[in-house]
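Construct all of the structure, not just a fragment, from the sequences and the given hints.
Sequence order for the protein chains is A and U. Using our numbering, the letters of the first sequence map in sequence onto residues 1 to 317. Using our numbering, the letters of the second sequence map in sequence onto residues 1001 to 1547.
Certain hints may be false.
What the hints assert, rightly or not - Partial pick of chain U residues on the chain A-facing surface, computed with a CB cut under 8 Å:
1) 1241
2) 1337
3) 1345
4) 1348
5) 1367
6) 1373
7) 1452
8) 1457
Unchecked claim - Each pair of labels, with its calculated beta carbon distance range:
9) 1235(U) to 233(A): 27 to 37 Å
10) 244(A) to 1225(U): 32 to 42 Å
11) 41(A) to 1138(U): 43 to 53 Å
12) 1135(U) to 244(A): 48 to 58 Å
13) 1135(U) to 100(A): 50 to 60 Å
14) 1432(U) to 55(A): 27 to 37 Å
15) 125(A) to 1138(U): 31 to 41 Å
16) 262(A) to 1225(U): 24 to 34 Å
17) 1235(U) to 230(A): 29 to 39 Å
18) 238(A) to 1162(U): 48 to 58 Å
19) 1163(U) to 75(A): 49 to 59 Å
20) 1233(U) to 233(A): 34 to 44 Å
21) 99(A) to 1225(U): 39 to 49 Å
In short, the hints are calculated from the structure, not lab data. Quick reminder that beta carbons are idealized off the backbone N, C-alpha and C, glycines included.
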Amino acid sequence: MSLPFMPPEASSLASRYDVLFAAMTALTTAVSLAVTIVGLWFMFRFRRRATVDRSRPPAAAQLRRRRILETIWIGVPLLLFIAVFAWSASLYYDRSTPPAGALEVAVVAKQWMWKLEHATGQREIDVLHVPVNVPVKLVMTSQDAIHSFFVPAFRVKQDVLPGRYTVLWFTATRAGDYQLYCAEYCGTDHARMFGHVIALAPPQYQRWLDAQGATTTMAAHGEALFRALGCSGCHGANASVHAPALEGLYGRPVPLADGTTIIADDRYLRDSILLPKRQVAAGYEPIMPSFAGQVDEAEVLDLIAYIRHLGGKEALR
Amino acid sequence: MTPPAALLPAPAHAASYLEGDMSIRAWLTTRDHKRIAIMFAIAITAFFFIGGAAATLIRIELATPAGDLVSAETYNKLFTMHGVVMVWFFLIPSIPATLGNFLVPLMIGAKDLAFPRLNLTSFYLYVGGALFTLAALFAGGVDTGWTFYTPFSTMFSNTNVIAAIAGVFIVGFSSILTGLNFIVTVHKLRAPGMTFFRLPLFVWAIYATSVILVLATPVLGMTLALLGIERIWHIGIFDPSLGGDPLLFQHLFWFYSHPAVYIMVLPAMGIASEIIPCFARSPVFGYRTMAYAIIAIAVIGFLVWGHHMFVSGQSVYAGLVFSILSYLVAIPSAIKVFNWTATLYKGSISFDAPMIYALGFVGLFMLGGMSGLFLAALALDVQLTDTYFVVAHFHYIMVGGSVTAYLAGIHFWWPKITGRMYPARWAQFAAVLIFLGFNFTFFPQYLLGIEGMPRRYHEYAPQFTTLNVLSSAGAVILAMGYLLPLVYLGWSLVRGARAPQNPWRATGLEWTVPSPPPTENFATQPHVDEEPYAYPPVAASRQEAAT
Chain A
1 MSLPFMPPEA
11 SSLASRYDVL
21 FAAMTALTTA
31 VSLAVTIVGL
41 WFMFRFRRRA
51 TVDRSRPPAA
61 AQLRRRRILE
71 TIWIGVPLLL
81 FIAVFAWSAS
91 LYYDRSTPPA
101 GALEVAVVAK
111 QWMWKLEHAT
121 GQREIDVLHV
131 PVNVPVKLVM
141 TSQDAIHSFF
151 VPAFRVKQDV
161 LPGRYTVLWF
171 TATRAGDYQL
181 YCAEYCGTDH
191 ARMFGHVIAL
201 APPQYQRWLD
211 AQGATTTMAA
221 HGEALFRALG
231 CSGCHGANAS
241 VHAPALEGLY
251 GRPVPLADGT
261 TIIADDRYLR
271 DSILLPKRQV
281 AAGYEPIMPS
291 FAGQVDEAEV
301 LDLIAYIRHL
311 GGKEALR
Chain U
1001 MTPPAALLPA
1011 PAHAASYLEG
1021 DMSIRAWLTT
1031 RDHKRIAIMF
1041 AIAITAFFFI
1051 GGAAATLIRI
1061 ELATPAGDLV
1071 SAETYNKLFT
1081 MHGVVMVWFF
1091 LIPSIPATLG
1101 NFLVPLMIGA
1111 KDLAFPRLNL
1121 TSFYLYVGGA
1131 LFTLAALFAG
1141 GVDTGWTFYT
1151 PFSTMFSNTN
1161 VIAAIAGVFI
1171 VGFSSILTGL
1181 NFIVTVHKLR
1191 APGMTFFRLP
1201 LFVWAIYATS
1211 VILVLATPVL
1221 GMTLALLGIE
1231 RIWHIGIFDP
1241 SLGGDPLLFQ
1251 HLFWFYSHPA
1261 VYIMVLPAMG
1271 IASEIIPCFA
1281 RSPVFGYRTM
1291 AYAIIAIAVI
1301 GFLVWGHHMF
1311 VSGQSVYAGL
1321 VFSILSYLVA
1331 IPSAIKVFNW
1341 TATLYKGSIS
1351 FDAPMIYALG
1361 FVGLFMLGGM
1371 SGLFLAALAL
1381 DVQLTDTYFV
1391 VAHFHYIMVG
1401 GSVTAYLAGI
1411 HFWWPKITGR
1421 MYPARWAQFA
1431 AVLIFLGFNF
1441 TFFPQYLLGI
1451 EGMPRRYHEY
1461 APQFTTLNVL
1471 SSAGAVILAM
1481 GYLLPLVYLG
1491 WSLVRGARAP
1501 QNPWRATGLE
1511 WTVPSPPPTE
1521 NFATQPHVDE
1531 EPYAYPPVAA
1541 SRQEAAT
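Set out below in structure tokens:
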């Protein structure tokens, strides 16, 4: 279904996207051509020198005809627009909803590079290796300005913001080396913030994983940090300080001191580490110090991975 | 619309606004809307060619994939200069402050705008602010892009951001005052008999534009002020490391900048609605529908800003709402294209230069609108946003649309404004050249966007070379097209034949006064007793008799 000038179709969303794009191209081309042909025909037929019947029906008949015509060219586009809206909205919803069980990769963007860390601990810069036919979910944040993760062959793009996590997912369907661009202007070398997504068939992907040698998972990195930073002093099992226990916390609702409730997701955990005064859990003193400046974005992601692991859902290694 | 008084020869003693005291001092202190319009026209033309020079350098750089003509830093400053100058110092004031200023009082039968001094104040605020920003752009430059996205602009850019936004902030007051002036003028100074539904559609368009100017521009001012506060005092508003929210900036910025697109395009629609009926000798098809469509665009245009942010991290549900509203705003735009086309039916069409420009506007606006339908579709926007597809889309609307319509208007009212005729053939040739050069320049950019080339790239992957070369080659033709009117219109000021009162046999009060109009506009108070666009066959005998 790929039209001329389209990048290769290499993800599960790409072919669905291309059908919609082709339909939209057909629709707009047809309407543009129709208006152009009618307009040119009028220009020719009613040119000043032409001898042609220019008499008009009486005003009442003209008005009736005008009402009918205007109703048609308000009503028909409206119906077409609603159809296009519904079609594109359902595809947008799917692209915004990662499937459960996707392979997770943490992405930290900075001027002007992409730093990637697989859940299993492999780290890469400007190159991302993924297996084909496996959904991959990127959890992304930026260390400085806004960037945007754009892989044309996958038909996906998502802005990467400082101070919060955005998510992008795809399932590569064809092995290959695909271009990765930064699509949001981010300063001097924006055009050079260039990378590759390399989709590999499962055996090759396994070979690539093996070639990376022994790695520790993000959660294990997080556990080491958790000790080194002294988090365990308060949040550990034998702590004397009254601090919330973190076992099983991830994904649960947390009652806050101000009476509201929040789901303990990536963003909440990030804020609790860097901006602990923002949301204080009910029943606890606001004594947690901020770790802003002591941990970088990649380390925050490791800590979050560790806290998720404490939920018991994911193995440490 | 031709009161008996206007059928009499104009009194010989009424001096035109181009006679009398022609000293620089008299011009710079004038309160005559016509002279202020001329001063605005000279200023925006200068800014157009400054912005165009930046565009020229951009297109030369992009003729090859490597970043070889200028450094990345210089390139970023060039596209920022191009955007800032073209948007705020050319497009926003272009039609309202020049043709609107000149024509609105004439079209409604008034002596001047409601607040002539305020009008002059608008001019000085505009020139002062624009020169201030221009100085910042030349002395060191700014590398944020015209969108000033945070936190890049507040925390990471090392360029003259504060000076640049200060100038834009000042120019905003010019917009607000101009808008205010038009609103009061249209409400209070219409001639007897000139009801709202007898107003030319150009006046409707300027009126709707003025409402947007007054309501949206303050939001831009506040947003830029907040940006400045964060950048200077590090008070966290947009930067998350200070506790701010970067998306808040985008919401505020587009709350102004999307309606700003309609500030640029509504007056363009107004011009097309004057010219097409005149050269088709046919009343505009569905006058009231056209007027309501203008209002609908102005109102719904305030509710679609989030379609610039479908991949920004805004919620999926917000995206759904902004998408459907964007389709709704497309309906009145589509109505206008269909009604202009229907106006041609059973007309007696001639292809003088203003008509060629106006028809070119309709075609290019339609193509720009069609690509807008892609961008309003959520899933398609994910792929296309921030690529050259968007660049092509808004150039079709703002350059193919607004600039072409501006030129159409300049050619249509040139005899009225200057009292001179320009060489018709040259003008027709330039109109065709601009239409072709424009498509040659920007159509390849749609294809580049579909191929996935991101915008604001100083260098690019080799697969994008052919289309970029085509686009740069087209830009050469387009540049020649834009220089031509400067030459032959300039020539006409000196050597052009004297223009009659109504060379196009057009309806409208502005054509009932001599060319160029007297300082006082109307020798006697005009009365309006006729519907607008009373072209043959409706008022064939009277109209023909009047000329």
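Verification of the supplied hints:
The interface hint given for residue 1241(U) is met, as the beta carbon of that residue sits about 7 Å from the closest beta carbon of chain A, less than 8 Å. Using the Cβ-Cβ criterion of 8 Å, the hint placing residue 1337(U) at the interface with chain A is satisfied: the shortest such distance is roughly 6 Å. Annotation: residue 1345(U) was flagged as interfacial toward chain A, and the flag holds, the nearest CB pair being 6 Å apart, inside 8 Å. Restraint check, residue 1348(U) versus chain A: the minimum CB separation of about 5 Å is within 8 Å; hint holds.
A hinted interface residue such as residue 1367(U) counts as satisfied when its beta carbon comes closer than 8 Å to some beta carbon of chain A; here the least separation is about 7 Å, so the hint holds. At its closest, the beta carbon of residue 1373(U) sits 6 Å from a beta carbon of chain A; the interface hint therefore holds under the 8 Å criterion. Interface restraint check for residue 1452(U): the shortest CB-CB distance to chain A comes to about 3 Å, inside 8 Å, so the restraint holds. Because the smallest distance between the Cβ of residue 1457(U) and any Cβ of chain A comes to about 4 Å, under 8 Å, the interface hint for this residue holds.
At roughly 34 Å, the beta-carbon separation of residue 1235(U) and residue 233(A) lies within the given 27 to 37 Å, and the hint holds. Range check, residue 244(A) to residue 1225(U): Cβ separation about 41 Å, and the 32 to 42 Å hint holds. At about 51 Å, the CB distance of residue 41(A) to residue 1138(U) agrees with the hint of 43 to 53 Å. The supplied range of 48 to 58 Å is met by residue 1135(U) and residue 244(A), whose beta-carbon atoms lie about 56 Å from each other.
Hint check: residue 1135(U) to residue 100(A), Cβ distance near 57 Å, so the stated range 50 to 60 Å holds. Range check, residue 1432(U) to residue 55(A): Cβ separation about 32 Å, and the 27 to 37 Å hint holds. In this structure the supplied range 31 to 41 Å holds for residue 125(A) paired with residue 1138(U), their Cβ-Cβ distance being about 38 Å. Range check, residue 262(A) to residue 1225(U): Cβ separation about 32 Å, and the 24 to 34 Å hint holds.
Taking the beta carbon of each, residue 1235(U) and residue 230(A) are about 32 Å apart, inside 29 to 39 Å as hinted. Checking the proposed 48 to 58 Å range against residue 238(A) and residue 1162(U) shows it holds: the Cβ atoms sit about 54 Å from each other. Distance hint check for residue 1163(U) and residue 75(A): the Cβ-Cβ separation is about 51 Å, which falls inside the suggested range of 49 to 59 Å. Against the hinted window of 34 to 44 Å, the Cβ-Cβ separation of residue 1233(U) and residue 233(A) comes to about 37 Å, which satisfies the hint.
Checked against the hint of 39 to 49 Å, the C-beta distance between residue 99(A) and residue 1225(U) comes to roughly 44 Å, which is consistent with it.
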